[in-house]
Amino acid sequence: MNKTNNFTGNPYIFGVPIRNKDQLYGRKKIIEKIENNFRNNQKITLLHVQRRIGKTSLLECLPQFITEEQGFKFVDFSLQGYEYKPIDKILNDLADRIAEVIGILPNQVRELVNNSETFFIEEFLPKIINKYLPGKKLVLLLDEFDILGKDEKMPAGKNLFNTLEKAVEQEENLFAILVFGRPVKDMTYLKEFLKKQTPIEVGLLNRKDTEQLIVKPVQGILKYELGAIEAIWQLSAGHPSLTQLLCFNLFAYCRSEEIKPVVSRHIELILEQTMQEGIYVFEGFLKPLNKPEKLFFRAVAETQEIGIDPLKIIKPTREITTPVLRHAGERLVEYGFLEKLEKQGTSYKIKVELVRRWLLKNYPLSEEEKQKMQKTPQINNPKTFNKIAKFLSLFVVILIIMSTLGYSFIWIRNSQNSNHSRPECSRLLAEINVALGDAKERSRVIEEVRNKWPREKESLDAQCRYNNEFDQLDTKYNELLYKYGWDTIGISEYEKAISSWCEITEEYEKSSDLKKTFVNLISTDGDWNRKKIIETLIEQNQSGNDCLIYSFKNERNKEQLYEQQNKLYNQRNEQYYQEAQNYIKNYEFEKAVESYCKITREYEGFNNIVKQLRGWLFNDPDLFNDERQKVEDKLKQLNNQCVVSPLNN
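Residue numbers (the working numbering): 1 to 649.
Source of the hints: derived by calculation from the structure; they are not laboratory data. Be careful, since some hints might not be right.
Derived CB-CB ranges, DEER-like [stated by the list, open to error]:
1) LEU271 - LYS223: 16 to 26 Å
2) LYS223 - GLU69: 29 to 39 Å
3) ASN130 - LEU271: 50 to 60 Å
4) ARG422 - GLY220: 51 to 61 Å
5) LYS185 - GLU32: 19 to 29 Å
6) GLU32 - ARG422: 49 to 59 Å
7) PRO183 - VAL434: 31 to 41 Å
8) THR505 - GLU539: 18 to 28 Å
9) SER492 - GLN70: 45 to 55 Å
These numbers come from a predicted model, not from an experiment. Ideal Cβ placement from N, Cα and C applies to all residues, glycine included.
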């Protein structure tokens with residue numbers, strides 16, 4: 001294979017901003033919201049953009065979506081480095097930037113701003129808009145607005161915002177977009193403004209847009225199997241920069257190895273390189289955090305897999321107390337870095353799995369930061385030792401008796417309610433955790449659960465009722481089934497994929513996404529075997545062991561599945577019919593019979609085909625005897641597999 005002819009330069013973009021709007025994926029709704037604000041004459045728009053999420057790319061491409069031809073002139077200006085500068089200095093430099101973008105301005109016009117804030121609003125801006133941008137709207141695109149401070153102690157943000165409010169109120173054709181990296185609600189001076197307007201949030205891409213980002217740049221060059229797309233989605237969660245980096249490295253790997261279809265196992269091969277090359281993005285998650293937030297973030301990376309509260313493993317200090325850590329968790333949710341798992345109480349999840357893996361590898365919790373077992377305090381006063389010893393002895397005897405009775409009661413109750421011993425439950429939890437990270441172990445663990453821990457009548461959590469010690473078993477097993485389904489569908493083992501997904505219970509957090517996946521697989525053509533998937537789903541539901549996510553107990557699911565099956569049959573039947581007609585035109589009657597024999601009874605022209613074949617056998621004058629004999633031999637050969645054969649009808 002000639003690499004040069006089969007691959008072009010790497011089409012994915014990482015490390016530099018995207019400057020072409022056609023290469024910017026997943027921001028259509030953001031653009032539409034900004035356009036709506038302009039259309040509704042909302043003069044100031046607030047954008048909250050998560051850090052390292054592709055902010056520069058969005059701002060670079062925005063004027064290409066809302067163009068000068070549409071009547072808008074954008075002037076971009078970053079406030080980085082202006083946090084301690086007076087308002088006059090900021091307005092002066094902003095005026096320089098406006099003059100630079102607009103082009104040639106007479107010195108006397110530019111100098112109108114040098115005197116004061118009033119001249120900037122009442123003289124400079126009106127002159128620019130009315131004389132140098134006639135009939136157009138001037139849009140000030142002000143990046144890093146939160147740098148100017150969030151409260152009265154650093155008044156630059158408040159002062160500039162107040163100036164802009166006055167300016168847009170006085171000048172009809174002036175608009176402003178203010179870009180914030182921190183939650184907008186932190187800016188106390190915006191409290192009244194936020195009652196009138198909700199900030200536009202710019203965060204992770206959704207599943208559909210992420211798939212577009214993966215597939216579109218390499219259309220006609222490289223093909224991604226479904227399992228590979230899912231694996232990238234699971235790692236990047238729609239983070240644009242990290243998705244681009246994963247795909248950039250995948251493309252380079254496939255080019256060097258002369259690989260065409262990307263499958264899920266290829267992603268594991270480039271993960272190490274991706275974590276090394278993405279350090280700028282990964283460090284960007286930690287950079288804006290304070291010390292307690294960083295500690296909590298790293299703790300979640302360790303506790304997420306076992307589903308416990310991060311506060312249970314962090315050792316509080318005088319400086320970083322438990323309330324401080326609890327607040328840190330809430331802030332990380334506001335930043336968009338964490339997701340709180342409501343069903344699991346105080347558990348958290350890092351939204352981007354690749355970030356979690358990077359934290360575990362580069363910033364694991366030290367032993368000093370982790371909770372330690374408290375030691376029993378020692379009694380140092382010899383004078384009171386005997387009295388205390390007697391009291392403690394009596395107390396211990398009573399405690400032992402009560403504990404024994406209590407433990408016996410709990411043991412009896414749990415042994416009645418649990419089908420498996422505590423060691424068995426502990427071993428199962430450990431094996432599921434291993435299989436979640438190791439694809440080679442998944443099939444074995446799932447088979448063991450099916451044989452020894454069947455969930456048809458009782459959940460895994462119910463089979464291990466030891467004071468809620470194992471209450472994450474079903475959640476983790478559902479995740480295991482989900483991952484195994486994508487592993488097997490990526491290598492066309494559809495029965496295994498469907499049977500594992502159909503075991504997943506509706507409580508699973510991704511159940512709605514999985515149902516959408518089912519609908520996509522059965523209703524659209526792709527690299528998968530649509531016919532096989534439909535038949536497997538029908539067979540699963542008819543077996544008496546319902547597919548929990550896509551059950552026939554819901555009549556709509558049943559109707560949808562059979563409707564798609566009929567559409568597929570009609571589509572295939574028509575395809576075979578047309579194929580047969582082409583053979584007939586070339587007098588290849590034997591091949592035409594093969595095509596006809598693939599057609600099912602549901603085809604509307606079924607009886608006409610039977611009639612035509614009967615004619616070929618008995619009375620069609622257009623066929624020579626040797627052709628008629630070949631048709632008969634082929635029909636006899638395919639007799640049991642050919643429903644249109646006149647020998648059967």
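Legend entry - C-beta pair LYS185, GLU32: status relative to the range 19 to 29 Å that was hinted: Since the Cβ atoms of LYS185 and GLU32 sit about 24 Å apart, the hinted range of 19 to 29 Å holds.
Inset, instruction - With respect to the beta-carbon atoms only, verify the hint that PRO183 and VAL434 lie 31 to 41 Å apart. - result: Holds, at about 38 Å.
Legend entry - Cβ separation of LYS223 and GLU69, checked against the hinted range 29 to 39 Å: 38 Å, holds
Legend entry - GLU539 and THR505 - C-beta distance against the hinted 18 to 28 Å: 20 Å, holds
Inset, instruction - Can you let me know if the beta-carbon spacing of ARG422 and GLY220 is within 51 to 61 Å? - result: Once the Cβ atoms are compared, 57 Å apart, the range 51 to 61 Å for GLY220 and ARG422 holds.
Inset, instruction - Evaluate the given range 50 to 60 Å for the C-beta pair formed by ASN130 and LEU271. - result: 57 Å, holds
Inset, instruction - Take a look at whether the Cβ-Cβ distance between GLU32 and ARG422 falls inside 49 to 59 Å. - result: Since the Cβ atoms of GLU32 and ARG422 sit about 56 Å apart, the hinted range of 49 to 59 Å holds.
Inset, instruction - May I ask you to test the hint 16 to 26 Å on the CB atoms belonging to LEU271 and LYS223? - result: Because 21 Å falls inside the window, the suggested range holds.
Inset, instruction - With respect to the beta-carbon atoms only, verify the hint that SER492 and GLN70 lie 45 to 55 Å apart. - result: 48 Å, holds
Hint compliance for this structure: no hint is broken.
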